[in-house]
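Starting from the structure of chain A, add chain B where the hints point.
2 protein chains.
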Amino acid sequence: MAVGPGMPADLASVRGVRLGVTAAGIRKTDHDDLILMELPPGSRTAAVFTRNGLRAAPVWVAQEHLLAGQPRLLVINTGSANAATGDAGMQTARAVCAAAAELAELNPAEVLPFSTGVIGEPLPLAPFEAGLPACYEDLKADAENWWHAAEAIRTTDTRSKAASRTVALDGEPVTVTGIAKGSGMIHPNMATMLAFVTTDAAVAEEPLQAILATATEATFNRISVDGDTSTNDALTLSATGAAGTDPIHSATDPRLPALREAVTGVCRDLALAIVRDGEGATRLLTIGVTGAADAGEAVRVAQAIARSPLVKTAAFAGDPNWGRILAAAGSALKGEVDWSRVDLHLGEVRVVRGGVVDPTYTEVAGAAAMAPEEVAVTLELGRGDAADWIWTCDLSYEYVTINAEYRS
Amino acid sequence: MAVGPGMPADLASVRGVRLGVTAAGIRKTDHDDLILMELPPGSRTAAVFTRNGLRAAPVWVAQEHLLAGQPRLLVINTGSANAATGDAGMQTARAVCAAAAELAELNPAEVLPFSTGVIGEPLPLAPFEAGLPACYEDLKADAENWWHAAEAIRTTDTRSKAASRTVALDGEPVTVTGIAKGSGMIHPNMATMLAFVTTDAAVAEEPLQAILATATEATFNRISVDGDTSTNDALTLSATGAAGTDPIHSATDPRLPALREAVTGVCRDLALAIVRDGEGATRLLTIGVTGAADAGEAVRVAQAIARSPLVKTAAFAGDPNWGRILAAAGSALKGEVDWSRVDLHLGEVRVVRGGVVDPTYTEVAGAAAMAPEEVAVTLELGRGDAADWIWTCDLSYEYVTINAEYRS
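Chains as they are written, first to last, in the numbering used here: chain A, 1 to 408; chain B, 1 to 408.
Pulled out of the complex, with its shape left as it was, chain A reads as follows (with noise of 0.2 Å):
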């Protein structure tokens, strides 16, 4: 199940980027597992990391690598996360770059590893080394390398997640390309959101990493309820700066901000897709918080929404439960609360004002409300002038089947 249209078809690469792909035989041998994208001299690459106490030995390493310097490669795998593996899953990352680096003519610390697939269990080397070699063979710029890299990367994904935009920097257009991986959206699954992101823009470290900032908080960390439970969660965003434009040096820098917008656009587009392809979704929900008494208050009370099971088998069934609404949201509200201000919108229908239900609201028209594949749900508060929202998805069977099932 996913929800809403899949990805665009209109996907460009990205001047100085190469992909390739290969089926190494990770956990399975059926499909594609591995996955280098390539990156030219002089890239600049900005990166941010799951803060789940128990960080995979490739999250490791990848920090490490990129404290010693700028990545060249990138090498992805499924089928293992390399996590909860101890000093042997590290021993095994650092052997995957190295191996990546011999090919590549590089040093080590100039390879960034990613892994996703299943938790606990050991990474084994031997894939790597007999399919890294066709796998850089593959390499390639165009578009349909990018294809494929997203297809490689999905775990549970039904679907392949690409987004592009283009922007004019001083006149001259430069590309936004990424990737990602994803399904699940409560906790997320396994382990379990990758997403790479490229501009051929030239952007110097600083500035890099202040966009991806940005833009992460705009996107991914809006349809994460639970952002750092994840054990391999990974973004990075690479500039190569291929486009031939004056670098951006600082982030006070004019063409910045037109920057930000498409790279933000982009994170959108692959951290909603995630959503809608969230693991047995039917609904899309955006749970909308205003008048809240702070920021703080804003993103607890959407989240607290969002991750009420009892709101989400609601969402599944269509059913406009806006009592477990209000009651999820009342669990998130510390002080005193007066619930006279408190009006709730699902869709453009008033449930809920001043606290208890519209009188003009009748049942027909919630279930009309609740009846389209994306559902905004509007919480105003009362309390203050603080707003935020939470993109996630219902909670159906499909969900219960697939996670009780991964395994077996």
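Rather than coming from a laboratory, the hints here were simulated on the basis of the structure.
Where is the CB? At the ideal position from N, CA and C, for every residue including glycine.
You can take every hint at face value.
Beta-carbon label-pair distances, calculated as ranges:
1. A:247 with B:354: 45 to 51 Å
2. B:354 with A:140: 42 to 48 Å
3. A:247 with B:338: 40 to 46 Å
4. A:217 with B:249: 56 to 62 Å
5. A:360 with B:244: 56 to 62 Å
6. B:126 with A:368: 28 to 34 Å
7. A:405 with B:205: 52 to 58 Å
Just chain B now, kept in the frame of chain A:
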């Protein structure tokens, strides 16, 4: 679905307490939905209520009345929670108390109201006015009416929940008996958990509240991952003094620990009965965390595991998916974590040793450990001396069925 044995048949009535039940037709007309619990003069009652920011009208009124004096009559209804009902709901709750008080020739402040059922729908007064006289006529002290009451307060509960203990104070036997309702667990469903425990011991208000607070911490607060999410949660402990034992006046009374143990035993039976009858439950999990840095971390980690949909769906499948357990724990751990000190047991089977899969572990042994209806999951963190636990249940198709279809 429900896990393990039902409640014991040997329920003891409590001297001084009378119960009455009737079908008042509050929401449906085919079953008992109104209960009176009468306490003799001189009784003392302690209570704890939901900490949800959206507290139902009866919770407000009960708290108000408890401040005004000691209750003599509890009025409990199913069908409607009288939550998110604004001023009208408050008026109805007060009117219910007034109607009951008139019958029993009491002050309205001597009556406590309790409601459970759907949130947001108005609670009609007429069924109370019509049904209270028959309910009052039905008041009896025998154990049979305790069972009638336990049956009448059910909503989605598939089982009645009641428990008794007898304990000697100064050689005199006193009884502790309680009833409860509640079937949701993750977020308590509808609205939600009600429990009424009584004893014929004589206990002053202060030590009674101390007994209740201690018992609650170790029982009801260990089953509800989101202990504060319901709008109507209430637990009362009433002491009638009808056993004729000397009153317990202070928390240092040497007889208090024995009575506290009996109350805790009744509360534990009722709390576990709620988890075993959790919506769609097929498996009871005791999530134990040891070696935590401090008490807060211990319970936070246990709750993170207990509320993880991935852990709960794996438990439904009997899948020893230990990677999900570690990832959920990791989401709740702050700062540096030395995973080489972490061990995990499923039942008696050591699955993880030093942060990685135990070399002697097999999937067959793990599956066998997960097979029973009741499984202990024990995570040693190696960070300190604190320990805690949470009782929870699995997440099954039936959970989705119940919550996606309840209102329709």
